[in-house]
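Visitor: In terms of this note's numbering, the sequence shown opens at residue 21 and continues consecutively.
Hints may be right or wrong, so weigh each one.
DSSO-like mimics (lysine-lysine), calculated; alpha carbons at most 27 Å apart, straight line [said to hold, decoys possible]:
no.: 1; residue 1: K118; residue 2: K155
no.: 2; residue 1: K244; residue 2: K118
no.: 3; residue 1: K122; residue 2: K248
no.: 4; residue 1: K122; residue 2: K172
no.: 5; residue 1: K252; residue 2: K172
no.: 6; residue 1: K122; residue 2: K155
no.: 7; residue 1: K155; residue 2: K244
no.: 8; residue 1: K155; residue 2: K248
If you're looking for bench data, these hints aren't it; they were derived computationally from the structure.
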Amino acid sequence: MVAISDTPIPEHLLDIDFVAAGKAATRLLGCNPRTDQPGVSCPFFGEVFRDRIIPRSDWDSYLEQLDPNFGRLDHYQHDQDGEGTCTGNAGCASVEQKWAEKYGDDYAISLSPPSVYQFCARSANSGSTTNCILKRLRDHGAVPIQNEQNRKVLATLELDTSHMIREVGWNQNVRGMEDTMSQFRIDEFYEIRNVDEFFSALLYGFPILYGRAGHAIKGTDLVKRAGKYACKYRNSW
């Protein structure tokens with residue numbers, strides 16, 4: 021399950037060092053404005069998980085009690101390598117986190133962003149919306165990146181080991197790969213509408229795919245540093 025946020029979150033609460041990193045990076049802006057209305061593509065997080073929204077006054081106690089470290093589930097560092105595929109990279113990284121949580125480190129998988137992104141974009145550099153990426157991951161899934169770890173996992177699961185594509189490269193296809201895609205789908209995703217929902221989702225282990233200054237990244241953990249809350253994130257630069 022993955023949460024999505026298109027709602028502006030105050031910069032001082034959002035993420036660690038992203039502004040500085042963004043100024044230093046040469047990158048394409050691949051996170052496009054949404055094309056649908058809120059609540060159309062997926063349910064609202066705050067309505068489905070109403071009883072799990074943690075008031076800001078309780079964040080400290082929940083941080084101490086839960087001691088979240090969902091970043092430990094990230095086994096692969098994505099690199100979009102100059103393409104505008106950040107939405108696909110962040111989406112695939114979100115699925116990988118939940119997969120590792122469910123099946124364990126030995127079965128960690130890395131999914132190919134082009135296997136999702138190509139169905140949501142006009143070209144390698146056109147960018148796409150986050151909601152299209154998550155709808156594609158829910159309705160169809162993704163295939164793994166071509167590497168030996170993924171080959172071993174596919175073989176163990178008795179899936180076709182030829183159903184892998186490269187991490188970078190527009191419009192790659194392998195005959196019959198839709199059959200394997202369906203094994204790497206999400207059940208549902210949810211839309212976040214405010215800061216309390218955003219950080220509650222992080223505390224409970226929901227990876228958050230969200231847009232930031234024209235770029236898409238994956239929120240992983242709620243942290244507190246120097247007395248300030250922030251979102252620890254996974255990038256694809």
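Visitor: Now tell me if each hint is right for this structure.
Guide: Do the hints match the structure? See the list:
| no. | hint | in the structure |
| --- | --- | --- |
| 1 | K118 <-> K155 | holds (16 Å) |
| 2 | K244 <-> K118 | holds (23 Å) |
| 3 | K122 <-> K248 | violated (31 Å) |
| 4 | K122 <-> K172 | holds (18 Å) |
| 5 | K252 <-> K172 | violated (30 Å) |
| 6 | K122 <-> K155 | holds (21 Å) |
| 7 | K155 <-> K244 | violated (32 Å) |
| 8 | K155 <-> K248 | violated (33 Å) |
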